[in-house]
Amino acid sequence: MASLDLEEYRRYGRQMLLPEIGKPGQLSLKSSSVLIVGAGGLGCPCVAYLAGAGVGHLGVVDADTIDISNCHRQILHKPSDAGTSKVDSIASFVKELNAQIHFTGYKERLVATNVMSVLAPFDLILDCTDNQQTRYLISDACVLLDKPLVSGSALKMDGQLAVYNHQGGPCYRCIFPSPSPAASVQSCGEAGVLGPVVGIIGVMQALEAIKILIKIPLHRPSKLLLFSAYGEPQWRQITLRGKKPSCAVCGEKPYITKESIVQDTTGQYEISCSLDAAPLQVSKGEHRINALEAKNAMHTFHIIDVRDPTQFGIASLPGSKNVPLDDLTSYQHDCPVDKTSLVYAVMNLKAKYGAHEFVDMIGGLEAYSNIDKTFPCY
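Heads up, the sequence shown is in my numbering, so the first residue is 746 and it goes up one at a time.
Source of the hints: derived by calculation from the structure; they are not laboratory data. Among the clues, some could well be false.
[Claimed, not checked] With a cut-off of at most 25 Å between alpha-carbon atoms, the simulated SDA-like pairs for lysine to any residue come out as follows:
no. : residue 1 : residue 2
1   : Lys956    : Thr1055
2   : Lys840    : Gln878
3   : Lys775    : His911
4   : Lys1118   : Asn1035
5   : Lys968    : Ser923
6   : Lys960    : Asn843
7   : Lys852    : Pro922
8   : Lys775    : Asn843
9   : Lys1118   : Leu1073
10  : Lys775    : His847
11  : Lys1118   : Ala827
12  : Lys1084   : Leu1073
13  : Lys1040   : Tyr1014
14  : Lys998    : Gln982
15  : Lys998    : Tyr1014
16  : Lys892    : Glu853
17  : Lys998    : Pro922
18  : Lys988    : Arg965
19  : Lys968    : Lys823
Just need the whole structure built from these sequences, with the hints factored in.
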């Protein structure tokens, strides 16, 4: 049976004063285990506050390494550690903050073949990822392993939080039966995100985790908590419907099983890591050139930047014209007839246009910054 030593009385005394926690709650935290999937902007505050609160065993899953572009929101990682493992960075932080915490790191992607074995040892799962395939994978596995799930997400100036598969409530798939089209889903790298917004949602995930671990009962329907930095009000709650009888994983006739997840015969949990989109469809075959070819022939092109005006204002190629991608079809009629139009985005284009003769710069500005070291990469 768990007990507290003298150092733990001093360390956790201020939170044990709370009637909702007390000594029994602190012992519950000490004997609990939490897996945090994702060591980024959401995962960092989750780790910090759960380790600080005295959760006995923390696990973190992330295959990624630290990049300086992470550091404005992923507050446990230092620029000096760029290129090193995020999991190792988290492990060092936990050891320094609270050496009594047992830490398990998984420097790997969470995929269909390992999700069951990775999640199984933990009492509670926190989804701190940023792609919807993994969200479905985690939620489905939590249902089949009978584990509550605290799910958070943040993009631009907005965030949301929900607890799934807890006290008879719905799972993620009950609320969102199938993934959104890939083309409609933006990442932080595409749409941007404000650090404090991610931090707020991550802190709220840690709070919900603590409430679950100390067994505070819910006397209300499941809620989806919405935060908007510029919203009036900033916080809103939406009551979620209950478990869906037709849900594929927790419904009356489920067809998603542990075996079907591990086999993943449909490929629904696979994450597309390819940056290559279909080439621009033009009148004279495939027109794509690499960044070096584009740089050397820049003076021969009418250059079109198809990013949004905010990104165009951050950095752009000399002489380029900003035509957001949604406006490109109508702009084709205004393109000069004596020049081929070179189009570019941050990475690769995800759409096809065919009336005017376009040339796509493969890899976009990321590729261009690799051959022109003076060009800012963001």
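These are the hints, each one checked on the structure:
About 40 Å separates the Cα atoms of Lys956 and Thr1055, which puts this hinted pair outside 25 Å; it is violated. Restraint check: the Cα-Cα separation between Lys840 and Gln878 comes to about 32 Å, which exceeds 25 Å; the hinted pair is violated. Of the supplied pair hints, the one linking Lys775 and His911 holds, its CA atoms being roughly 21 Å apart against a limit of 25 Å. For the suggested pair Lys1118 and Asn1035, the alpha carbons sit about 16 Å apart, so the restraint of at most 25 Å is met.
About 20 Å separates the Cα atoms of Lys968 and Ser923, which keeps this hinted pair within 25 Å; it holds. Restraint check for Lys960 and Asn843: the C-alpha separation of about 23 Å stays at or below 25 Å, so the hint holds. For a cut-off of 25 Å, the pair hint linking Lys852 to Pro922 is broken: about 30 Å separates their Cα positions. At roughly 12 Å between alpha-carbon atoms, Lys775 and Asn843 fall within 25 Å of each other, so this suggested pair holds.
Of the supplied pair hints, the one linking Lys1118 and Leu1073 is violated, its CA atoms being roughly 29 Å apart against a limit of 25 Å. For the suggested pair Lys775 and His847, the alpha carbons sit about 10 Å apart, so the restraint of at most 25 Å is met. Restraint check for Lys1118 and Ala827: satisfied, since their Cα atoms lie roughly 18 Å apart, inside the 25 Å limit. Distance check on the hinted pair: Lys1084 and Leu1073 sit about 16 Å apart at the alpha-carbon level, within 25 Å; holds.
Distance hint between Lys1040 and Tyr1014 is unfulfilled; the C-alpha atoms sit about 38 Å from each other, more than 25 Å. For a cut-off of 25 Å, the pair hint linking Lys998 to Gln982 is broken: about 30 Å separates their Cα positions. The suggested pairing of Lys998 with Tyr1014 holds, with an alpha-carbon distance near 21 Å, which does not exceed 25 Å. With a C-alpha separation of about 21 Å, the suggested pairing of Lys892 with Glu853 holds against the 25 Å cut-off.
Between Lys998 and Pro922 the CA atoms are separated by roughly 14 Å; this keeps the pair inside 25 Å, and the hint holds. With a CA separation close to 14 Å, the supplied pair Lys988 and Arg965 stays within the 25 Å bound. Between Lys968 and Lys823 the alpha-carbon distance is near 35 Å, which puts this suggested pair outside the 25 Å criterion.
Hint violations for this structure: numbers 1, 2, 7, 9, 13, 14, 19, all remaining hints satisfied.
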